[in-house]
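Student: Can you make the complete structure from the sequences, with help from the hints?
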Amino acid sequence: MKIQIAFSCKEAAHACDKHQYKECSKSDRMLLQFHLVICKLCREYSTQNKRLTDFMHSSAIATLSREKKEAMKQQLRSYL
Amino acid sequence: MGEVTLHPEKWVDRYADYLFNYTIVRVNDRIVAEDLISETFLAGLKSKDNFKGNASERTWLISILKRKIIDYYRKKNTQKAQAEVHITYSDDEMEGDWLEERVEDFSDQTAEDTLENKELRLAIFECLDTLDERHADIFKLKTIQNYDTEAICNEYNITPSNLWVIIHRARKALMTCLKKHWLE
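Going down the list, the sequences are from chains A and B.
Counting in our numbering, the first sequence tops out at residue 154, every number present.
Counting in our numbering, the second sequence tops out at residue 866, every number present.
Read the hints as simulated data drawn from the structure, not as lab findings.
None of these values were measured; they are calculated from a predicted model.
Keep in mind that a hint or two might mislead.
To be verified - Cβ-Cβ distance ranges computed for the label pairs, FRET-style:
#1 Asp830/B - Ala136/A: 17 to 25 Å
#2 Glu97/A - Thr858/B: 21 to 29 Å
#3 Lys124/A - Arg749/B: 34 to 42 Å
#4 Val686/B - Leu154/A: 16 to 24 Å
#5 Thr841/B - Gln149/A: 31 to 39 Å
#6 Lys114/A - Ala725/B: 47 to 55 Å
#7 Ser139/A - Ser745/B: 20 to 28 Å
#8 Leu797/B - Gln149/A: 29 to 37 Å
#9 Lys114/A - Glu832/B: 31 to 39 Å
#10 Ile79/A - Val714/B: 51 to 59 Å
#11 Ser82/A - Tyr829/B: 22 to 30 Å
#12 Phe733/B - Arg103/A: 51 to 59 Å
C-beta atoms are modelled at their ideal positions from N, C-alpha and C, and glycine is treated no differently.
Tutor: If you want it as structure tokens, here you go:
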């Protein structure tokens with residue numbers, strides 16, 4: 075098995091996306107950090123990505139549950 | 683003439699979340715908000731012949747929803763007035779515990795929900811609208827409702843790497859859009 079020592083930009087972006095959902099492994103997080111030190115573009119992407127995550131949280135945006143939506147659809151359909 | 687026609691079968695997918703956010707800041711109760719939206723859709727269906735086609739579907743539904751919200755508060759206020767009359771008959775234990783005071787006061791909760799946040803939510807919705815409908819749904823499930831990657835993959839019959847590609851595209855598009863509409 076090859077041990078990965080550096081991320082490409084694509085891999086870094088993927089790890090960064092996963093990190094927004096706390097689904098990035100520790101080793102990937104380290105590789106991401108290394109990559110960010112050397113890559114300005116990915117640093118920018120990471121900043122923006124983090125900002126979007128903050129926006130989604132701070133806006134307290136809410137959605138209806140799938141079940142509720144399904145129920146509404148059925149109700150509407152019965153009147154159509 | 684480019685007149686707008688109604689598509690009630692698409693209402694839930696297209697507008698339910700938008701209407702929900704509109705309502706929740708005004709009534710502060712999920713269940714009430716859900717009911718009001720159901721009622722709005724039904725009322726829309728009933729009066730769909732009155733739709734003149736000179737507003738967008740969403741604007742039209744919002745105007746119905748607004749009336750529903752006003753009705754809801756009107757009803758709530760009548761109940762409150764009745765509660766005050768009945769209070770004289772309550773027992774000693776309840777003394778001073780005015781029913782009126784026990785009617786929920788949301789002013790503190792809404793204070794936290796700043797105008798900025800409301801506008802931000804609207805901006806996010808405008809931007810979500812520019813995405814492919816399926817991508818927007820997947821992004822919302824993952825980001826807002828915190829669904830597991832696995833659950834979404836099963837639901838949409840896609841692989842985790844498909845999912846992450848969709849999430850990546852959605853996030854990039856949203857960042858660009860929000861930068862334009864919100865940060866500038």
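Student: All hints are to be evaluated individually against the structure, with a verdict given for each.
Tutor: Status of the hints after comparison with the structure:
{"no.": "1", "hint": "Asp830/B - Ala136/A: 17 to 25 Å", "verdict": "holds, 19 Å"}
{"no.": "2", "hint": "Glu97/A - Thr858/B: 21 to 29 Å", "verdict": "holds, 23 Å"}
{"no.": "3", "hint": "Lys124/A - Arg749/B: 34 to 42 Å", "verdict": "holds, 41 Å"}
{"no.": "4", "hint": "Val686/B - Leu154/A: 16 to 24 Å", "verdict": "holds, 19 Å"}
{"no.": "5", "hint": "Thr841/B - Gln149/A: 31 to 39 Å", "verdict": "holds, 34 Å"}
{"no.": "6", "hint": "Lys114/A - Ala725/B: 47 to 55 Å", "verdict": "holds, 54 Å"}
{"no.": "7", "hint": "Ser139/A - Ser745/B: 20 to 28 Å", "verdict": "holds, 26 Å"}
{"no.": "8", "hint": "Leu797/B - Gln149/A: 29 to 37 Å", "verdict": "holds, 33 Å"}
{"no.": "9", "hint": "Lys114/A - Glu832/B: 31 to 39 Å", "verdict": "holds, 35 Å"}
{"no.": "10", "hint": "Ile79/A - Val714/B: 51 to 59 Å", "verdict": "holds, 56 Å"}
{"no.": "11", "hint": "Ser82/A - Tyr829/B: 22 to 30 Å", "verdict": "holds, 28 Å"}
{"no.": "12", "hint": "Phe733/B - Arg103/A: 51 to 59 Å", "verdict": "holds, 52 Å"}
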